[in-house]
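**Student:** Spelled out from the first residue to the last, the chains are:
There are 6 protein chains.
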Amino acid sequence: MTEHPLKPETKAMLEKVSVATLCTVMYKRGLRNQVIQDVHPLSQKGKNMVGPAFTLRYMPAREDRNQLIEFRNPKHPQRHAVEMCPEGHVLVMDSRKSAYAASAGDILVTRLMARGVAGVVTDGGFRDAMSIAQLEMPAYHHRPASLTNLTINEAIDINVPIGCGDAPVFPGDILVGDDDSIIVLPAHLAEEAAIEATEMTAYEDFVLSKVKAGASIIGLYPATDEKNLAEFEEWKANRS
Amino acid sequence: MTEHPLKPETKAMLEKVSVATLCTVMYKRGLRNQVIQDVHPLSQKGKNMVGPAFTLRYMPAREDRNQLIEFRNPKHPQRHAVEMCPEGHVLVMDSRKSAYAASAGDILVTRLMARGVAGVVTDGGFRDAMSIAQLEMPAYHHRPASLTNLTINEAIDINVPIGCGDAPVFPGDILVGDDDSIIVLPAHLAEEAAIEATEMTAYEDFVLSKVKAGASIIGLYPATDEKNLAEFEEWKANRS
Amino acid sequence: MTEHPLKPETKAMLEKVSVATLCTVMYKRGLRNQVIQDVHPLSQKGKNMVGPAFTLRYMPAREDRNQLIEFRNPKHPQRHAVEMCPEGHVLVMDSRKSAYAASAGDILVTRLMARGVAGVVTDGGFRDAMSIAQLEMPAYHHRPASLTNLTINEAIDINVPIGCGDAPVFPGDILVGDDDSIIVLPAHLAEEAAIEATEMTAYEDFVLSKVKAGASIIGLYPATDEKNLAEFEEWKANRS
Amino acid sequence: MTEHPLKPETKAMLEKVSVATLCTVMYKRGLRNQVIQDVHPLSQKGKNMVGPAFTLRYMPAREDRNQLIEFRNPKHPQRHAVEMCPEGHVLVMDSRKSAYAASAGDILVTRLMARGVAGVVTDGGFRDAMSIAQLEMPAYHHRPASLTNLTINEAIDINVPIGCGDAPVFPGDILVGDDDSIIVLPAHLAEEAAIEATEMTAYEDFVLSKVKAGASIIGLYPATDEKNLAEFEEWKANRS
Amino acid sequence: MTEHPLKPETKAMLEKVSVATLCTVMYKRGLRNQVIQDVHPLSQKGKNMVGPAFTLRYMPAREDRNQLIEFRNPKHPQRHAVEMCPEGHVLVMDSRKSAYAASAGDILVTRLMARGVAGVVTDGGFRDAMSIAQLEMPAYHHRPASLTNLTINEAIDINVPIGCGDAPVFPGDILVGDDDSIIVLPAHLAEEAAIEATEMTAYEDFVLSKVKAGASIIGLYPATDEKNLAEFEEWKANRS
Amino acid sequence: MTEHPLKPETKAMLEKVSVATLCTVMYKRGLRNQVIQDVHPLSQKGKNMVGPAFTLRYMPAREDRNQLIEFRNPKHPQRHAVEMCPEGHVLVMDSRKSAYAASAGDILVTRLMARGVAGVVTDGGFRDAMSIAQLEMPAYHHRPASLTNLTINEAIDINVPIGCGDAPVFPGDILVGDDDSIIVLPAHLAEEAAIEATEMTAYEDFVLSKVKAGASIIGLYPATDEKNLAEFEEWKANRS
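In the order they appear, the protein sequences are chains A, B, C, D, E and F. Okay, so the first sequence: first residue is 1 according to our numbering, each after it adds one. Okay, so the second sequence: first residue is 1 according to our numbering, each after it adds one. Okay, so the third sequence: first residue is 1 according to our numbering, each after it adds one. Okay, so the fourth sequence: first residue is 1 according to our numbering, each after it adds one. Okay, so the fifth sequence: first residue is 1 according to our numbering, each after it adds one. Okay, so the sixth sequence: first residue is 1 according to our numbering, each after it adds one.
Rather than coming from a laboratory, the hints here were simulated on the basis of the structure. Don't take each hint at face value.
Just so you know, same-sequence chains aren't split out, so a pair can sit in one copy or run between any two.
To be verified - Straight-line Cα separation of at most 20 Å, EDC-like style, residue types lysine to aspartate or glutamate; simulated pairs: (1) Lys75 - Glu231; (2) Lys28 - Glu63; (3) Lys236 - Asp157; (4) Lys212 - Glu83; (5) Lys47 - Glu87; (6) Lys97 - Glu136; (7) Lys11 - Asp166; (8) Lys45 - Asp225; (9) Lys97 - Asp166; (10) Lys75 - Glu233; (11) Lys28 - Asp64.
One chain only, chain A, in its complex shape (with noise of 0.2 Å):
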């Protein structure tokens, strides 16, 4: 898993492109299905989320396993990811893609902001989402859910690969998320990922600024007209 760190310029293109994007980059090496399913920001952040995927896997609960009681134990599987996740990484949840119960609350994502982890992701719901909603750090899921998680789900694995939101998620896997989707990007495939979306980007902003003055889309998105290709570059020389 640690043989694809996160480059530090990696990450930073990573922030200027849209999971919309990187999708069509994806979808050029035949990978279709790594978006992150139904599950959207508690808040607009301005900025993409970028790091490495850290995971805690939940099940179904049984329910003389899941009394409150299990939280006293240091070593209860969603408190200890809660401490373990490194930094700069990303906490994914495989919740079992249910928003009954609580994946976690405001006061274990405040614990995953202090400890400087870059965001927290699930595929079912977060506790005290409002309040959740207003920290700095970017939180996805697909709805407030108020009971806690013991009613459903037990924590029973840390870091192992799971399934978020249909998607595939493996730990260290890049996970890049904006006011739209999050994506998973193969660990192996992020810093080509990362390059080509940002030639595509530029691209799209050339194309953005040519359709709000009037242009038609056929010849210029894509580009079979070589023409806009050659304006394209001119365009890029002027910006810079």
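Put chains B, C, D, E and F on the given structure of chain A with help from the hints.
**Tutor:** Then chains B, C, D, E and F, alone, in the frame of chain A:
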């Protein structure tokens, strides 16, 4: 379809009534299923979207027909529809009620706006949703969707009758969207609906002013007490 | 149902605790299903909705019994409920978890507010949702719904036990709604829940201040380390 | 409810027509939602279930009110309903469309049969479904469900108007179930529906015999070609 | 569409392989979504349904266009499609994945059979399902549906590309249905798929005989151990 | 996990009681969620499946890791699990509740049977379901699924705690499946559950015989009338 063009005075009336009121007007005529279900505006515009429908139909994608190279075809139906949708019309997409992948993104939607289109609607989702939300032209969808539409959908037909959010949409039907929902008015009923809804809206405004002042709804809404109708006439006279 | 009226001091306490905290209080008593699922406030109010439940039950509509003329009946259960719901109570509607058509609109909700009702809840949707969102009285639903309720629902029973968002609601139960969710407190448990939640909230505030200052949650949340309880007592003393 | 008792000759007719034909009869009268959706017979009986509805309403269970001890109460609504449902009636349960837990099991259903009840219907599921399938009395549900009903449901009301599979059911309505589905005939329409469906069935039998012999459906179904009506009269005369 | 007619020898091969095997053949070619989801045979036929697709597209019904009188129109698309579907073809209906109302009933299906059609498929439901189940011609649906199709659907297009159970279906594609599911083979791939699946089936038969005799699947399925391929050749020689 | 092996006498008892009865036994102990939801037998076997759980966990598939070549790896977890599952155990698969693609097919299931495995369970679907239905070994799934599992799932973990149909399954838990459903008995409770269910079954048999003979359920089920308990003792004595 062009037998019932949208008159400017009808459009002006439809801009000032709510979708809820138009629903009641349609209900009186036995039409109970004209609201596009589970689709909402990306941002509030403070005024209604009104325009005739121009449609795009998606079908499930077959992988060999839906590689990125398809977009290089100037007649690709999605791109073609964006260039063909007439000024003042609303582009309505049957995305099979799935927001797993996007129906369109900010470049296409910006192009629609530049071309003078009145709005864009999908029962799936838009990518770059947060950018689209900031455009002046109204856009409606189910939720943000970052994957390229090719992932699950192939644009197959332009301007045929479709379903959108389980409502029937015929080319030329008049769409009216407010901050809550969109209703599909059959073209031949749009004018009478506009007139009737305008009258109903006046009475509803009167009712609301009475209710705010402490009146009971019994006898007032609906006006089973004749006195209220008389008072309404007076109120109208005073207002104008 | 009137055996357990809501005391003013209980109400005051319930206005200051979160639904999440109350969920944990109920969980300790073996009640795990008291949150109204998938229902949220139309707008944030900055304070809790608190009041005893007054209920309305909908059943599927049969067309011959649900024409617009029905509303002319002064005893139509929907209209009647709006006029009957006692001041300070919350009108809770079992809309069969469907937002295909509306549970009510802005006129009825404004009337409820004028009558001093504490709030209104449906597991379906409101029409004129954006107007309702701007009222001072809190309202909770699943999503906007523009069709008239007659389209799918017939109001059939007033103030009987119902389900709302899969939670059991008995007339007189105490509803507490914050910006995330609503919990249904059985009437006989409301007072003890308010007291216990108030105590827990104090400790959670203490925890949050510690976590913001860099403390680990282990030993602190829950307080397995006695030192934290001592420090909490001191913190409470200082705060008051 | 007793204003429209089921006459023996109406019952006899309803035993010989299909639910599909009755749907068309109701459709002509503007009733489009009378089929209990997604509910089917546990086993094929080779003849229709016909009888007036006697209803039982479930609401979501609250744990403190739904321990096994409740069944010791001789007036527990579920057990009481089983003993009260009149001979020849159909017990219809509103189980909130959930088969997570059972609506009843083989002992209660056997008791219903012993008491001369005409059938039993739930929009949830039965436990001991395979035993119930072997009883002579027809039973309809969504799917087998082994958990005790207390797990999610509390029986709360006997013989009130309910929804079942999203269809409206009033006590005394006539239920007709065949191997496909169940339709709910409003009590006052049952007789005329029986007569009309009987006539339609004769014509459909005629059509089917013609189609099997190679006839086109155009002009025949419906009978837009007068010749077919004449031929039908002859066919009927020959048949009797 | 007629560029790739179904050859008799291809048809013969497709009658003897399973849909599962054909799925693997398609998977090798990058086609992963060719199974019509959540649709199954009304009864087991003991042999495959094989034939080119002839399609019918439904859209949501608007009440004023969908009264029973519409069926008197000899060109009503549903009735017309039944008379037009060529012998040996399969009529495939896009019913928008809803079995709330019927896609067709026993008269139309019997007419299809009388005309020599190879089968009928809907992603909704059939009325008179138990009668249709007893016909010799195979029929596939989601579940029985007794309401007339006019209740929710309007037949709008004949023989256009459609979605059925989320799979893409183009007129002329070859449908193969067994007791489990239906796969849609793109017309130009049907022949090669038939050949490849036939070969795979032989090997799978060999594997199954070995497994029944106690062999491990490792090295055998797939044949990573060369010895198994040699043994297979011998087995084939012996079998013929 | 091996602390609570399944004793032969416990197994013998569990073969003769229903899942419904075991549900009530678990309910008494506060365990309400032990039934694997929406999963049923491919065919009725006339006797219960009983055995300790051996588990396989699937996660969402990433395309580059899930090509057909993966099956050539002798340690591929799906194939490996089939060879490792101990005799007398039940292989239980967490297929993320999706039957879009298959969890396994007839070759693997036949191999399990040949190895003496007691049964196989998935909350997804099997391909070649009709062949599997004819095997002697019981198999349970949601519905047939023909696509290869690689299409959506990657087998990732063997014999870890999983969810199956929203029920918690720990390796070594005792699964009991009848013609309706499967229940998961925590290993340490299996013996006492077997004993208690056996006793309850005797009483239920007695009740059923009384009900068939015309007895009311009041006082009998449950036995609030002491007379019935006395009669039961006699009945038991006579029966043996």
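**Student:** With reference to the structure, classify each hint as holding or not holding.
**Tutor:** Each hint, compared with the structure:
Taking the shortest Cα distances, Lys75 and Glu231 never come within 20 Å of each other, neither inside one copy (60 Å) nor across copies (23 Å). Only between protomers do Lys28 and Glu63 lie at most 20 Å apart by alpha-carbon distance; the minimum there is 12 Å, versus 46 Å within a single protomer. In the homo-oligomer, the alpha carbons of Lys236 and Asp157 never lie at most 20 Å apart, since the shortest distance is 48 Å inside one protomer and 37 Å across protomers. In this assembly of identical chains, the alpha carbons of Lys212 and Glu83 lie at most 20 Å apart only when taken from different copies (14 Å versus 48 Å within one copy).
When the C-alpha separation of Lys47 and Glu87 is checked against a cutoff of 20 Å, the pair qualifies only within one copy, where the shortest distance is 18 Å, while the shortest distance between copies is 35 Å. Neither within a single protomer nor between protomers do Lys97 and Glu136 lie at most 20 Å apart by alpha-carbon distance, with minima of 25 Å and 34 Å respectively. Taking the closest pair of Cα atoms, Lys11 and Asp166 never come within 20 Å of each other, the shortest separation being 25 Å inside a single copy and 37 Å across copies. In this assembly of identical chains, the alpha carbons of Lys45 and Asp225 never lie at most 20 Å apart, being 37 Å within a copy and 36 Å across copies at closest.
For a Cα distance limit of 20 Å, the shortest separation of Lys97 from Asp166 qualifies both inside one copy, at 8 Å, and across copies, at 11 Å. When the C-alpha separation of Lys75 and Glu233 is checked against a cutoff of 20 Å, the pair qualifies neither within a copy, at 56 Å, nor between copies, at 26 Å. Taking identical chains as interchangeable, the C-alpha atoms of Lys28 and Asp64 lie at most 20 Å apart only when they sit on different chains, with a minimum of 12 Å there against 48 Å within one chain.
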